[in-house]
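**Q** So the chains spell out like this:
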Amino acid sequence: MRVKVQNLTKRFGEVTAVDNLTAEFESGKLIALLGPSGCGKTTMLNMLSGILPVTEGQIFFDDKDVTDLTPDKREVGLVFQNYALYPHMTVLENICFPLKIKKVPKAERIEKAKEFAKMVHIEEYLNRKPKELSGGQQQRVAIARALVKNPKLLLLDEPLSNLDAKLRVEMREEIRRIQRESGVTTFFVTHDQEEASAISDYIMLMKLGEMQQFDKTRNLYNQPANLFVADFIGSPTINQLHGIYTEGGIKVDGDNQIIKTNNKWQVEEGSRVVLASRAEAITFNDKDDIKTKVVEYYLSGKDTLVNLKIGSYNLRGYIDATKAIKIGDNLNIGFKKEGVFLFDELTGERYYE
Amino acid sequence: MKNTERNKKIILYVILAIGAFIMFFPFFWMIVTSLKTGFEANKVPPTIFPAKPTLDNYVYALKTAPFLKYFKNSLIVTIFCVTITMFNTILAAFAFSKMKFPGRDIIFAALVAMMMIPFEMLIITNYSTIVKFGLYDTIIALIIPFTSSIFYTYILRNFFMSVPDSLYHSAKIDGASDWQFLWEILVPIAKPSLVTIALLNAIACWNSFLWSILVINSTENRTLPFGLFAFTNETGIRYERLMAGATIVVLPMIILFLFARKSIVTGVSRGGLKG
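Chains as they are written, first to last, in the working numbering: chain A, 1 to 353; chain B, 354 to 628.
For reference, chain A alone in the conformation it holds in the complex:
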C-alpha cells in the first residue's frame, strides 16, 4: 500500500514533535525513519498507526484519507519497542488474538497463526508464555502477531534496541527477509544509521521534527542534502574541515594551505564553509600535495585507517597497509571527486556543483 503524508504536524503543548512533513512512500518497500532521539520519528510512526491523533495535516493510505480513523480501522500491524505481548496468553494465543477479535473461526485462526509462527521461526514455542522466551523470540512473536491479520502496513518501533549486538544483526536480516516474503509496506524506526542503511530501501532522516532528507538509502550516503545528513550517515563519520573559501579553494582554520579539490562549486569569496569528505575519498598518490601529519593509525586488514591532522582539524583516510607509516610522519593527501562535499558552515546547506 502506498502511503502519503501531507503537511503532517504534531504538537505537544509548546513542543513541535513533527513539523509540516510532506512525503510519499512507495508500496512494498522498507522505509527507515531515522534520526537522533527526540527527532519525532516515533511520533510519526504513532500517527501512522492512529495511536496519536495528528495536530494538522493528513495521512493517506493509497488514496484514502485515514487521518481521523482509529487504530483498529487502519489495518496496520505495529511492533512495539517493548513488544507489548499479552503476558497471560501463550505464544499461540498472542498471535491468534487479532483474529479472535475479528471473530475468525477457531480452527482457521490457529492454522493461520501457526503459518506465521513458522514464517518467523517460533513454531516450537507455541505453548510458552512470553516471559519464558528470550528477547529475540519475543520480538518474533510480536512480528507474527502484527502480520497475522494481513495488515496493509507494518510499523516497527525500534524493534532491535532491546537485543544484544549479535542478535541485532541477525534479527535485522530476519526483518528484511520477512518483509520481502510478505511484501507488506514497512516502516521501521531506528536511531542507528548502520541498521537503517543495512536493510532499508528508503530512509527518511529527521531532526527536531523536520525532515532532513528522504531518499533511496544509497543516496543519503552519496548525495547528502545537508551537513547534518552527511554527518549522521556513514561510518567512520565524515571528515569535516572548517575554513574560509578563498581563491577557488578552502583555507582550513589553523593552516596556511589553500585546498583545491576536483569539484567546481560556486561559492562567494570569503564565505565560512565546511569541506566534508568520506574516508574513502582521501587519496595518497605521489602527485598529491596537501600536507598533513599522522596523529594515529589503526591496522585493519588490507587497509590502515590513519588519523591525520590538518590545521585544527582531524581527518581520517584509508591507506594501503603495505605503506609504512608512523606517528608524526608528514603525509601528502588528495581528494577524489566523489564523496567530497561543501557545506555552508552556518546553515549547513550544501553547495552543489
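The hints are simulated quantities; they were obtained by calculation from the structure and are not laboratory data. On a predicted model such as this, the values are computed, not experimentally measured, just so you know. It cannot be assumed that every hint is accurate.
Calculated cross-link-like contacts (lysine to aspartate or glutamate; reagent style EDC-like; alpha-carbon spacing at most 20 Å) [unchecked claim]:
#1 B/451 <-> A/72
#2 A/131 <-> B/537
#3 A/118 <-> A/132
#4 A/118 <-> A/174
Chain A is already provided as a structure; the job is to place chain B on it using the hints.
**A** What follows is chain B alone, placed relative to chain A:
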C-alpha cells in the same frame, strides 16, 4: 558469629510462636468450650480438653436459632455484594487509569478524599434513603449500600496503571475495543489483585454487623453476625452454647481463609506485572 545468628533466630521464633498462640487461643477456646457440657464449661479450674466431647450445643444452637437461614442470608448478601462491587470496581478503575477524559484526575481525587468520611457518618443518610425506598427489613437493604468501593477502586486503578500503555495500544491496533481490552487482557492480568480484593470484600460483607442491626427487623432476614447477636441475648450466659453459635458463624470464613490464604498473601504483597 554463627551462634549469635542462631540465637537471633530462636528469639524470633519464640516471639512468633507467642504471637501465633495469642491469636490462635481464643479460637481454640471457642471450639473447645462449644464441645463441653454446661457443667464442665463453668468448672473452676477449667479443663483444657472436654472430658466427654458433645455436639449437644450445636444441636441446641441450630434448634433455637435458624442458623441455616442466617447462613443462607449471609451467603446471598456476600455473593451479591462481591459480584456487583467487583464489576463496578473494575469498570471504575479502568476509566480512571486507561481512559482519557477531561477532569478525570480531579474526579478521582475527590473520590479518594471521600474515603475520609467515616462509615458511621453515612449510616443516618443511608438509613433514611433505604427507608424511603421502602427497602427497610429486606435483604436488598443489606446489599445496595455496599456495591461500590472507592478503596478497592483505588487499589485496582494503581494496578491497572502499572500495566504499560503499549499493551492498550497494541490491543487497539489488534482491533479490540475498550470493552474487549478490559475483559480479555486487563482483567486476566489483574487476576491476583482481583482475587485479593474479592476476598477482602467477602470477609467484610460476611462480618458486617452494625448496618444489618439497623435495617433488619424480622428473624428471617437476619444475617449470621446479627443472628449470633440475637442468639446471645436469648441464650444468656450459657457459654458452651454461645461458643457453638460463634463457631458456626466463623467457620465458613476460616475455611475460606485456609483455602485462599496463598492468594490473599501474594495478592497483597504483589505490585506490578513481573512475577
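**Q** For each hint, tell me whether it holds in the structure or not.
**A** Structure-based check of all given hints:
In summary, the hint linking residue 451 of chain B to residue 72 of chain A is supported, as the alpha carbons are separated by about 17 Å, within the 20 Å threshold. In summary, the hint linking residue 131 of chain A to residue 537 of chain B is supported, as the alpha carbons are separated by about 19 Å, within the 20 Å threshold. Restraint check: the Cα-Cα separation between residue 118 of chain A and residue 132 of chain A comes to about 18 Å, which is no more than 20 Å; the hinted pair holds. Taking the CA atoms of residue 118 of chain A and residue 174 of chain A, the gap is about 13 Å. The hint holds against a cut of 20 Å.
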